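Q: Residue numbering for the sequence shown follows my numbering, beginning at 59 and increasing consecutively.
Derived from the structure by calculation, the hints contain no laboratory data. One or more of the hints may lead you astray.
Said to hold, decoys possible - Taking lysine-lysine and the BS3-like style, the derived pairs with C-alpha atoms no more than 27 Å apart in a straight line are: (1) 90 <-> 70; (2) 90 <-> 103; (3) 70 <-> 103; (4) 84 <-> 103; (5) 84 <-> 95; (6) 61 <-> 113; (7) 113 <-> 70; (8) 61 <-> 90; (9) 113 <-> 95; (10) 113 <-> 103; (11) 84 <-> 70; (12) 90 <-> 113.
Source: prediction; values computed, not measured.
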Amino acid sequence: MIKEIHSEENGKLYECLEALAEHHNKVSVHFKGSYPKTPSEERIKQFESELEEGKSRIAVIENGNDFVGFCKIGTATYQVRTGQNKAIRDRITPLNSLMINCERRETG
């Protein structure tokens with residue numbers, strides 16, 4: 059099941075963050091072994107703060123009581139320029155993190 063989480067469920071992302079760091083350590087060409095750059099516990103605190111302040115949203119893939127993947131987006135508003143120097147304001151939601159447990163990929 060896919061659902062959006064709030065700050066009180068944020069701690070359940072620990073295993074996902076650790077798996078993401080392990081994946082980067084395996085596949086990174088130039089930074090093998092240097093992940094996580096920020097400890098998972100600290101990232102969870104950052105995520106909690108961003109969720110509470112409305113700066114981010116997080117959706118998770120839940121399997122039973124476990125999170126097997128997540129997507130974190132920012133909610134910042136940016137100035138975007140188009141055409142003849144016309145400036146428009148638009149809500150752009152940058153993708154901050156995306157992780158799906160390797161064992162769960164391509165399963166639907």
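Q: Now tell me if each hint is right for this structure.
A: So, going through the hints one by one against the coordinates:
Between residue 90 and residue 70, the direct Cα distance comes to roughly 26 Å. Compliance with the 27 Å bound is thereby established for this hinted pair. Note on residue 90 and residue 103: the hinted pairing holds, with a Cα-Cα distance of about 25 Å set against a maximum of 27 Å. Using a Cα cut-off of 27 Å, the hinted pair residue 70 and residue 103 holds, with the two alpha carbons roughly 12 Å apart. Restraint check for residue 84 and residue 103: satisfied, since their Cα atoms lie roughly 26 Å apart, inside the 27 Å limit.
A hinted pair counts as satisfied when its Cα atoms are at most 27 Å apart, and residue 84 with residue 95 qualifies at roughly 15 Å. Pair hint residue 61 plus residue 113 holds up; C-alpha atoms about 18 Å apart against a cutoff of 27 Å. Restraint check for residue 113 and residue 70: satisfied, since their Cα atoms lie roughly 19 Å apart, inside the 27 Å limit. Between residue 61 and residue 90, the direct Cα distance comes to roughly 32 Å. Violation of the 27 Å bound is thereby established for this hinted pair.
Proposed proximity of residue 113 and residue 95 is supported: the alpha carbons are some 21 Å apart, at most 27 Å. Taken as a hint, the residue 113 and residue 103 pair is honoured in the structure, with Cα atoms around 13 Å apart against an allowance of 27 Å. Of the pairs offered as hints, the one joining residue 84 and residue 70 holds, with about 23 Å between alpha carbons and a cut-off of 27 Å not exceeded. For the hint pairing residue 90 with residue 113, the CA-to-CA distance comes to about 30 Å; that exceeds 27 Å, so the pair is violated.
In this structure, the earlier hints numbered 8, 12 are contradicted, and the remaining ones agree with it.
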